[in-house]
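Protein chains in written order, with numbering that gives the first Met the number 0: chain A, 0 to 143; chain B, 0 to 332.
Since the hints were made in silico from the structure, they are not lab data. Errors might be hidden in some of the hints.
Said to hold, decoys possible - Derived DEER-like restraints, expressed as beta-carbon distance ranges:
| no. | chain 1 | residue 1 | chain 2 | residue 2 | range |
| --- | --- | --- | --- | --- | --- |
| 1 | B | Glu325 | A | Ile39 | 26 to 32 Å |
| 2 | B | Glu325 | A | Gly71 | 19 to 25 Å |
| 3 | A | Ile39 | B | Asp134 | 58 to 64 Å |
| 4 | A | Ile39 | B | Gly123 | 53 to 59 Å |
| 5 | B | Asp198 | A | Ala111 | 40 to 46 Å |
| 6 | B | Thr132 | A | Leu139 | 49 to 55 Å |
Claimed, not checked - Mimicking DSSO-like on lysine-lysine, the simulated pairs with C-alpha atoms at most 27 Å apart in a straight line are:
| no. | chain 1 | residue 1 | chain 2 | residue 2 |
| --- | --- | --- | --- | --- |
| 7 | B | Lys165 | B | Lys2 |
| 8 | B | Lys119 | B | Lys135 |
| 9 | B | Lys191 | B | Lys228 |
| 10 | B | Lys48 | B | Lys135 |
| 11 | B | Lys2 | B | Lys28 |
| 12 | B | Lys11 | B | Lys101 |
| 13 | A | Lys134 | B | Lys11 |
| 14 | B | Lys235 | A | Lys134 |
| 15 | B | Lys163 | B | Lys289 |
| 16 | A | Lys115 | B | Lys315 |
| 17 | A | Lys37 | A | Lys6 |
| 18 | A | Lys37 | B | Lys235 |
C-beta atoms are modelled at their ideal positions from N, C-alpha and C, and glycine is treated no differently.
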Amino acid sequence: MQVNGYKPLIVAFCCNWCSYAGADLAGNNRLAYPADVKIIRVPCSCRVNPMFVLRAFQRGADGVIICGCHPGDCHYTSGNYFTRRRMSLLFSMLDYLGIERERTRVEWVSAAEGAKFAATMNDFAEKVAALGENKRLEDLRCKR
Amino acid sequence: MQKIKRDALVEKALSLLSDGTVNRVLGWKAGEFDYDITPAVFRDAESLKNDFVFSDFCGANFSKYLISETRKDEGKVLVFLKPCDTYSFNQLLTEHRFDREKVYAVGIPCEGMADISKVKAICGDGISNIECTDDKLIVTTIYEDKPYEIAAESVLAERCVTCKSKKHVAYDELIGEDGDVVESARFDEVAKLENMTADERFAFWQEQLSRCIRCNACRDVCPACTCEKCVFNNPKSGVENKAIADSFEEKMFHIIRAFHVAGRCTDCGECSRVCPQDIPLHLLNRKFIKDINELYGEYQAGAEVGSRAPLVNYTKDDCEPSEAVERRNGKDA
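Please model the entire structure based on the sequences and the hints provided.
Next up, the structure:
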């Protein structure tokens, strides 16, 4: 994924029980999604501490996406409901601090939705690439 | 400015001390200057009579001190709580941070505390004496012969201008009369920022947060920040100290600090009070409170013991993270 010669770095936190399998399915089905997306497997989307998101930005990510099971389908019954509240507040706070909205996203992708996974990643990578390099949440100490 | 006088508090403390209800008193004593009044523990009548002070600069919220104080020995501790402190008191009880049995809480009315930086803006540095009368502060400085007379109203701390409640939500005994929850304009400043463009907001926060010296005072004073191990103390994080090159680390610190107390912050305003750089930290906390109120229903942390904080709760039809900001913007339009 390149926009004006710029390749973004995207971190995707994927729930072990759904989106991670969804990514697998996308691969099995030969559905293309950008190689700039680096997947980090988490046991549940609610494992993602707001600090993980900020830390990813600090260490050079240009976009962070969190993928979890559809609400109601959580492997642990309610984890993703908590994710939903937390990330709503975190994203709203990032917006309040003037950080571009399109750099963060939460998407619900089940294990059967390989096509949705690929489409989501393509769309997200495109939006982030259009925004360009993450300048507002960078940390030069981490970019040595 | 305070309706309740120092002598009334000392008298109450002495009587509770002498009848054995409590064996020590958490109160205020004079600091180096008249405006930096310090929390202190008084164990005998003598020190109470001599050192106890109460004035417009007694802003310190004692709730957090109870955590360590109640662990020290067996007897009860007497604590004076202003209305906003009682919310923190309840919140700490909700989180089981101290033993209620070991505390004797005396609610005291509060007419709002003064902000020393507002005083200094009027009369400059070199303050040698401050006398608090009913509606005025009489400030003597070493540079002027004539003391300044400042209306107490005009130097009211930000958090007191937008006071949310004069009502005590927890106490064993009350001195004076209880007030009511106040309809305040505390979210106006947040709404103003929300209505700016993203670039303006970024510039605003960049300017504010880059002044941060990472002294951690906001964290240390916060009655909601009571973890015994804090992520910001981790020397291996690589970001435990102040960055010179850029200011991301302050942003991260302040976002995480505010997020960690989101839903538990009672909006007591201690963080902004202690900030040596005068960063309006309450605007971050209030943003979370405002969002929670708008997205998940009105919630006041500490209003009652045992209430479930919004972030450890959910409903099946909560809004999606992608909609949270739009929903708010839609409301504003």
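Broken hints, by number:
9, 13
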